[in-house]
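Quick mapping for you: the protein sequence lines, in order, are chains W and P. Counting in our numbering, the first sequence runs from 1 upward without gaps. Counting in our numbering, the second sequence runs from 1001 upward without gaps.
These are calculated hints, taken from the structure and not from any lab test. Treat the hints with caution; some may be incorrect.
[To be verified] Here chain P is said to cover these stretches of chain W; the calculated rule only asks that three of the stretch's residues, wherever they fall, bring their Cβ under 8 Å from a Cβ of chain P:
{"hint": "1", "segment": "106-115"}
{"hint": "2", "segment": "130-137"}
{"hint": "3", "segment": "264-276"}
Beta carbons: idealized from backbone N, C-alpha and C, even for Gly.
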Amino acid sequence: MTQPTHLPADSAGADPALGKARATAQPRRGRRNPLLGLAVALGLLAAIAPFSYTLRLGIVTTLTTALLYAVVASGWSVLGGYGGYLNFGAAIFLGSGVYAAALLNDRLGWSMWVGMPVAALVAVLVAVPVGVATLRLRGFFFAIFTLVLTSLAQVLVLDTDALGGALGVYTQAPSSSPRGLAALFYLTLLALTALSTVVLFIVEHSRFGYALRAIREDEDAAAILGVRTSVVKLRGLLIGAAFAGLAGAVYAFRTGYVEPAGTFDVSFSLDVVLVCVIGGLGAWYGPLVGAFLVVLLEQWLRTSVPDLHPFGATIPAEASRIVLGLLLIVFALYARRGIAGLFRRVRGRRLEV
Amino acid sequence: MTQLAQNIVNGLALGCVYAGFALGLSLLLGILGIVNVAHSAMLMLAALVYWELVNALGVDLLIAIVPVLVLFFLLGLGLQRTFARRMEREAESTVLLVFFGVMVVIESLAVMLWTTDTRNVALGYLDGTLRLGGINLPASRLVAAVLTLVLFGATYVFLTRTLVGAAIRGLAQNRDVAAMAGIPVRRLSLLVFAGGVALAAFGGVVLGMTLPFSPQEHVRWLAWSFLIVIVGGLGNVASTLLAGIALGLVEVLVGSFLSFQYTYLIIYLLLAVALLARREGLRGTPARTL
């Protein structure tokens, strides 16, 4: 069940106090406090903070994107990674946050800082009916519903003039140098990433996290044992939506202009799922590892590979999405625990739940 | 009065088309228990292949259907051989992730080959409109509806009146018992999966005949198909057709007094209601029966 939590970089084990939740895990030597892993992760995040002023602007932008995904994916992972309920509509909750922040800025002149909590609240409010309607059902209904809801959200915003319609909404970022702005978004998202990682860590080691995993393993059994499954699942969805909303607020100011098709975009949802699957489902550092891997890979596929011209052919940019789709299939089939799981396998640990 | 009759005729024809979209999804879900999230991407890809045959190569509208179906049957065989075979025993979340990946691959491939343009199949000799007592119906839509009805009839007869069909129903009811009874479960699964993909391709042909389509706007048809499958009951051929027709009627009748985006909203709300109320299908039959 609960594997010891650690970054690949260190060799932390689990706290004996968590032993009762690991009844099925094999005994192992050298258990260490899982907080050590968290400390290492936060230390690494703190260590890359100065990058905002030292690295090239292009690299900072890429890293900012990775951090955006890390925030949303960590939130997604609460229900998706531990509860086993796959949300294919992360873009809905991100988009709700984006639009909330953008409209408040455009119509009322609210700043990003004021917009962020409101955006999180709006995303949560959007998530409530979605969750209530679908989470009482099992499995794939939730996945399908969130997937198709993305296009509904797109159409609704597109046809509602009060929300900007097809014209979209402009946001006014605080006036600053390009470098200062890039640093602002980078550091804000870095802080949010740290927050979401800590939250995910707490979830993993709390009764709430055990309840989610119980639901993933056997929902009926969990219900019989007294887990209030609907409440737990809804809470998981709402935590994820809140983080997506927060990230959405930053996104709105970062792009400066939001429109329906680009905001409620299925490919964003795909990226979030991919980040979590590749990073590793059910490990608090999975989304963090996955976000950097996927964003850097995607960036490389988009920019470098088309220039390679193998056999004189030109590779269009869409090819990168094909690679990502294939990766999702391969990881889903052969490496359900993602990179995190691969590390455990290398370390000779028990792999299966 | 004529207007109402016109709306009902439109709704019936559109409903048959929608039922055609959903049949492949319904069978894969009902018989193999596979949630094919890539269904609408397959529809769209088949519509594009059909478009290529008709518009670019000038193949006859009706003859072009055959190569599309054959091609997608083979594609289904290939998919099943490579990984879908594993799907029947995998956890549901794995199936969802894999087919989500398939959807992305198909969509990106389609964008690469055909760009994101919206397309219409050149209707040629089906371009006219039939008139009967003040009621108009595009010939292409009538042909699409009739083809769908024929296909539903054939599928129904195949599943209920033939020995292979009976074996497939056995497979749907209980895979292990079916295997013990001597039913070649693996070969039948292969056949059903490839057949399901070919039926999705049929949906794509019908889509190409009746509506404009583009590589990135297919998720809407996934919503429509799922609504039909959920209301009609998984794998239930006859009530899938009824559910499709009901959806077509609702869309046309609602659309006659509300604007387009509200039709959309109402159908999504119906999907939500259907999810909540009718998981087991209209007839209240268990989830996986025929």
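Hints and how they fare:
no.	hint	verdict
1	106-115	violated (count 0)
2	130-137	holds (count 4)
3	264-276	holds (count 4)
In this structure, only the earlier hint numbered 1 is contradicted, and the remaining ones agree with it.
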